[in-house]
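S.K.: Single-letter residue listing:
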Amino acid sequence: MVKTFSASSSRLSRRQFLVNSAAAGGSLVLGFSLPVDGSAAAAAETFSPNAFIRVSGDGQVTLIMPYVEMGQGTYTSIPMLIAEELEVELGQIRLEHAPPDEKLYYNPLLGVQATGNSNAMRGAWKPLREAGAAARLMLIEAAAKRWGVAASSCHAKAGKVIHSSGKTLSYGELVGGAARLTPPKAISLKTPDRFTLIGTSAKRLDLPGKVNGTALFGIDARPSGLKIATLAQSPVPGGRVKRVDDTAAKAIKGVRQIVRLDDAVAVVADHMGAAKKGLDALKIEWDDGPHAALTSEEVYRQLEQAVQGRGAVAQDVGDAEKALASAAVRVTASYRLPFLAHATMEPMNCTAHFHDGVCELWLGTQAIARVQAAAAKTAGVPLEKVTVHNNLIGGGFGRRLETDGAVRAVQVAMQVDGPVKLIWTREEDIQHDLYRPSWVDRIEAGLDRDGRPLAWINRFAGSSVVARWLPPGFKDGIDPDSVDGAIDLSYAIPNVHVEYARVEPPGIQTGFWRSVGPSHNVFVTESFVDELAAAAKRDPLAYRRDLLAHNPKTRAVLDLAAEKSGWGTPLPQRWGRGVSLQKAFGSLLVQVAEVEVATDGSVRVHRVVCAMDCGTVINPDTVEAQIQSGVMFGVTAALYGEITLKNGRVEQGNFDTYQMLRINEAPAIEVHLVSSTEPPGGMGEAGTSGIVPAIANAVFAATGKRLRQLPIDPALLKT
Amino acid sequence: MAFTIEINGTKRSVDVDGDTPLLWVLRDVLGMTGTKFGCGMALCGACTVHLDGSAVRSCITSIDSIGESRITTIEAIAATPSGEHIQKAWLDHQVPQCGYCQSGQIMSAAALLNEKSKPSDAEIDDAMSGNICRCGTYVRIRNAIKAASQAQGKRG
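From first to last, the protein sequence lines are chains A and B.
In case it helps, numbering that gives the first Met the number 0 puts the first sequence at residues 0 to 718.
In case it helps, numbering that gives the first Met the number 0 puts the second sequence at residues 0 to 155.
Bear in mind the hints are in silico, worked out from the structure with no lab data behind them.
Some hints here could point you the wrong way.
[What the hints assert, rightly or not] FRET-style restraints, in silico, Cβ to Cβ:
| no. | chain 1 | residue 1 | chain 2 | residue 2 | range |
| --- | --- | --- | --- | --- | --- |
| 1 | B | D51 | A | E677 | 43 to 49 Å |
| 2 | B | G52 | A | A247 | 36 to 42 Å |
| 3 | B | K117 | A | A555 | 40 to 46 Å |
| 4 | B | A78 | A | F194 | 56 to 62 Å |
| 5 | A | G175 | B | G30 | 51 to 57 Å |
Glycine included, each C-beta is placed from N, C-alpha and C at the ideal position.
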């Protein structure tokens, strides 16, 4: 059974909904049962011209979503692309999560079936509009044949084919004829002036279920006979379970079973309340293993050591060493950034049922095929014996590109009769994350007599997530993510040398975290450009503008941000404005932060103005929402984000020690978009990487103190 | 031990330890999954429900502490005047992103409007600062609460 949700209020959907609600014992479960295997689809009158579109004989249009919905609005913007060319109303369609299938649903920009790197729209822009257009052309041809008229005398609108005489046939009436046609070879897509959906702030299709409790996330899966489990994993990475005393845990009402793994212990119970109580009652003795003494200081020491040496050359233009030697002024700085946890609001969880050599999983994942492969490997069964049901995702940010949650659930399920939902406590979620890497940079520049940069030398060290996650992407010591934002700067700098040294922290795994490489590189480069402006005694925005004379497109975005932010207008004492400029994810973004630094050193971000050129805007409201979201994510990192290690253990545990920005601290955010007909750029992550240096630069403007380490330490800013 | 509690106007009996948090009774025993788990320590607000119209964190509300109090969850909030306005404003302002925290946000916002029909900005911040949204929908939450407050004022 495929769990999905409906974007329509058609009679079929409503009936199915009621049936399923009744089956779920009166609880509100918005789920549907559909025949998705080929035989059933072929037997029914169905038109499936490609992997993304299915039109049934009753006219129901179902779109199969190759990218996942984790808040970024994909389940609205992807349907907009298809519906624009297919000529159906958004209200007519229903959506289905794509099953694991690397061939049918791979992301053309990643080469695997995954949603990440802010590239769903970039990957989908042409192929999914073409998919919609091909289906429309076939439906029109089927109608033309039925009527015995020329296809050119017909057009499609709102799920119908209309002949110039005025007669119409609905898509549902045409599925049989269309299914027998060959897909067209030449497809011409609409020009932007003919868009009716793209460019509109269409309401999101996933929101009705998200305001009434019916939206189904992975954690909401409830297959029949379900048990609930929670676990304790070795607090030190690489540690092992030495001894477990489960006497007290087993005596707790509702606890059914204790599952012991090599490096974790799980308590299986009737409900999470009992499972958690059982976990607290376990006495586990750990063998901490080789990383028992690991500290954050040790991780930084290794990175500091690496930047003293040589890394792989990521960019080399001119002769930076020579130019530096001849510079009138030299500026040198060191930066460092901490590990960060994802802290998705939906903690890691996965439901698994292992029986008779098959494995069935329910979860929310950004990489469903990868989950299927990992589960098959863990269970020791062939790939086709693993079924994965995807769900809405309660926060991804890269965390759900990983398979560890699914692997743990399979490990536990292999020892349990019936399905089991393994839910990590918040503490497990924070302490066993795959962290945004920690980095150290040593950066140096030489300025000429007018303060213009002649030379730029940047050496940095940190983990490569790509090297682990997509090994072919790491070549000759470099991967595209690690250097994104550190090379090919927008500014006119004649001599540039950038080196990256891959250093993996002992025992700690790193993962993609909203904006990843740019979250590091944009902070360093945009902070350092600010330092150069200060050394040149120039206004930081005017300084950047001068270095963009060759780059009018970027300059226009900077000018828009300057104008909208009121750059240069007076602010109260200990307030400041800071700017950042970023070219990443295929989009240009300039952010101006307005901050206040209190006498106790605490920083309040009051206002953020964003100017963006992200190419064609598919849904302006979604773009605005994503920028707002990215900004809040970045402000959280700037003010609070830090995972530290002591005795091999992560010191943070819950939202008291790993703090999130709250509404009373949230800035006002303005988003201004540059009109463009270029292909769309990425949106989901840009706001996060750009805002952090804008805040740091604003703090400098307010206090004269330069922040080269995050999160911001108020002790440095006290008066 | 057996407990009978009133949820969304219906009496339900459950047999669990008295210290079991209401959150897990709702989600795992009764299958009402609209209420979410986020932290287990009343730090994030994802599990917010109403007890007699006031917001409480169900992850630290033990089943034996409820007694005769009426529990309202996200599944039934539309049937309350403030809940109906909040839900509508949430859709009008397109508040949710991933949506996971939004049941809790809506329950906190509805409870706020139950107590103060015209909350000030400071009162909104105060009532909502216990609810974390990792997607950062705060700007829209503020606007939606104001809109719901206005709509409620017009009708009532």
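S.K.: Kindly indicate which numbered hints from before are broken by the structure, ordering the numbers from low to high.
M.R.: Per hint list: 1, 4, 5 violated.
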